[in-house]
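First to last, the sequence lines map onto chains A and B. Okay, so the first sequence: first residue is 1 according to this note's numbering, each after it adds one. Okay, so the second sequence: first residue is 1 according to this note's numbering, each after it adds one.
Be careful, since some hints might not be right.
Think about it this way: if two alpha-carbon atoms lie no more than 27 Å apart in a straight line, the pair counts; the simulated DSSO-like pairs of lysine-lysine are [claimed, not checked]:
(1) B:Lys154 - B:Lys113
(2) B:Lys207 - B:Lys155
(3) B:Lys28 - A:Lys58
(4) B:Lys40 - A:Lys139
(5) A:Lys58 - B:Lys207
(6) B:Lys127 - A:Lys94
(7) A:Lys162 - A:Lys129
(8) B:Lys127 - A:Lys73
(9) A:Lys139 - B:Lys36
(10) B:Lys28 - B:Lys113
(11) A:Lys58 - B:Lys127
(12) B:Lys113 - B:Lys220
(13) B:Lys99 - B:Lys113
Sample of chain B residues at the chain A side, in silico, Cβ under 8 Å [claimed, not checked]:
(14) Glu186
(15) Asn195
(16) Thr199
A few chain A positions that, by computed beta-carbon distances, are all more than 10 Å from chain B [to be verified]:
(17) Thr65
(18) Ser79
(19) Leu89
(20) Glu114
(21) Lys117
(22) Gly122
(23) Ala140
(24) Gln145
(25) Gly153
(26) Pro161
(27) Gly164
(28) Ala179
(29) Glu193
(30) Val198
(31) Ile234
To be clear, the hints were calculated from the coordinates, so they are not data collected in a lab. Glycine included, C-beta positions come from ideal geometry on N, C-alpha and C.
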Amino acid sequence: AAANLRSSALPDKVAKSAAAYLSAAPSGGKHELPDLPYDYAALEPVVSAETMELHHSKHHNTYVTNLNASLEKLDAAVSAGDVSGIIALQGALKFNGGGHVNHTLFWENLAAPEAFKAPTDGALGDMIKCCFGDFDKMKAELSAQTIAVQGSGWGWLGYNPKTGAIEGATCANQDPLQATTGLVPLAGIDVWEHAYYVDYRNVRPNYVNAIWDIINWDVVEARLLAAQKAAGKI
Amino acid sequence: NNDAVVQQFELPPLPYAYDALEPMISSKTLNYHHDKHHAKYVNTMNSMLAAAENDELKSLTALEDIILYAHQKGNVGLFNNAAQSWNHEFYWNCMTSPKNGGGKPPKQSHVSKLIQSSFGSHDEFVKQFTNAGNTAFGSGWAWLCYTSTPDNNKKLFVTKTIGAGTPLTDNDNGVVVPILTMDVWEHAYYLDYQNARPTYTETFLNKLVNWDFVESNLKKAMKMNDDKGEEL
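Using the sequences and the accompanying hints, generate a full structural model.
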């Protein structure tokens with residue numbers, strides 16, 4: 001399909017299958033807002049139920065809706081062989097697709113404060129010691145980077161498939177970590193103001209420092225193991 | 001002169017009471033937005049200036065010059081804080097009480113005439129400004145700017161910037177002067193509108209725009225042009 005995009009007259013059959021491929025989504029063609037793995041109030045007092053409801057049912061939902069709308073337009077552009085139209089959609093796809101991907105990862109890597117288990121041993125614990133020295137040093141480094149994001153963006157703990165190490169990174173707006181940097185996302189921290197304004201107002205550092213207590217380190221470890229496997233390191 | 005005192009800026013007060021823009025923008029929002037966010041930009045900029053070692057930077061006293069300096073030198077930290085200091089002061093002045101604000105500018109004003117000639121209609125300006133505000137992905141600003149190109153083509157145009165971006169740094173192809181701005185960082189509207197940025201944008205245009213300030217910015221910009229020997 002990609003090769004055929006260069007031709008000005010995209011054969012009908014190829015156009016349709018390309019469009020289907022490019023807009024592949026679960027549940028019969030449309031992306032859906034995933035359910036949270038917990039109640040809106042589960043992350044209190046670190047993140048309030050009010051924030052969780054706004055963040056999930058409004059913000060994330062809007063990304064999903066707009067992603068689906070952009071993908072429909074992409075279908076049409078691909079079917080029409082409209083390369084210029086395809087390119088024009090990239091901004092909206094990155095923004096809304098990134099927003100959907102990022103938030104889906106985010107909900108999964110959070111858990112109730114009661115469920116907190118510090119990642120001091122196992123594969124993740126060892127990796128943290130190896131790459132950062134200890135858990136506190138990792139938190140300090142990632143917090144500093146994440147707090148320093150200018151405007152809207154995300155802080156990430158990521159796996160580097162080339163070096164086999166884990167490292168901190170940040171991305172602007174909804175730029176997805178893997179597509180932008182090649183790092184595999186292990187844990188994300190949303191620092192768009194909508195993620196913390198209701199609970200922390202302008203004091204982003206308080207939010208970032210607190211969120212470490214509600215990271216789901218089991219999920220982070222599972223992602224690490226999957227990433228290592230995919231990179232052929234284990 | 002090693003004894004020269006480096007410029008330090010004061011947080012300008014709001015041009016109105018904290019509840020002056022209610023119910024469109026709450027006093028709660030203005031409190032945080034001005035006393036915390038804007039204040040932080042000014043304080044951080046002051047610290048950076050106080051610690052400056054470069055003689056040229058130390059000699060600058062006008063905020064616009066510091067912004068341009070930081071932009072030219074690629075000093076992102078100083079740029080962000082200086083530009084945001086400027087942007088916020090400008091933004092406060094772009095708004096006025098909903099009793100007088102928003103809607104269309106007076107028919108005989110320069111801005112009204114230039115909106116007609118540049119956009120075709122006030123509605124088209126509204127459409128473009130709304131779009132700019134709503135599609136600034138993430139944090140940013142929507143702007144109405146005046147420009148006069150080298151061939152003396154005077155017009156207004158809408159643009160958007162990301163983060164701390166400002167049209168002050170866009171003077172490459174002739175004059176570019178911002179005359180109106182709207183803050184679309186989430187902290188500008190989150191307490192009052194949550195995720196509903198389009199409602200905030202619409203309210204800003206319908207109820208809050210201080211057309212007197214916009215008109216005075218435009219007249220200043222056009223007069224600036226005059227000093228170069230061009231007609232108003």
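Each hint, compared with the structure:
no.	hint	verdict
1	B:Lys154 - B:Lys113	11 Å, holds
2	B:Lys207 - B:Lys155	24 Å, holds
3	B:Lys28 - A:Lys58	23 Å, holds
4	B:Lys40 - A:Lys139	24 Å, holds
5	A:Lys58 - B:Lys207	25 Å, holds
6	B:Lys127 - A:Lys94	24 Å, holds
7	A:Lys162 - A:Lys129	19 Å, holds
8	B:Lys127 - A:Lys73	22 Å, holds
9	A:Lys139 - B:Lys36	26 Å, holds
10	B:Lys28 - B:Lys113	36 Å, violated
11	A:Lys58 - B:Lys127	24 Å, holds
12	B:Lys113 - B:Lys220	16 Å, holds
13	B:Lys99 - B:Lys113	23 Å, holds
14	Glu186	4 Å, holds
15	Asn195	4 Å, holds
16	Thr199	12 Å, violated
17	Thr65	12 Å, holds
18	Ser79	25 Å, holds
19	Leu89	13 Å, holds
20	Glu114	28 Å, holds
21	Lys117	32 Å, holds
22	Gly122	36 Å, holds
23	Ala140	20 Å, holds
24	Gln145	14 Å, holds
25	Gly153	7 Å, violated
26	Pro161	28 Å, holds
27	Gly164	32 Å, holds
28	Ala179	16 Å, holds
29	Glu193	4 Å, violated
30	Val198	7 Å, violated
31	Ile234	37 Å, holds
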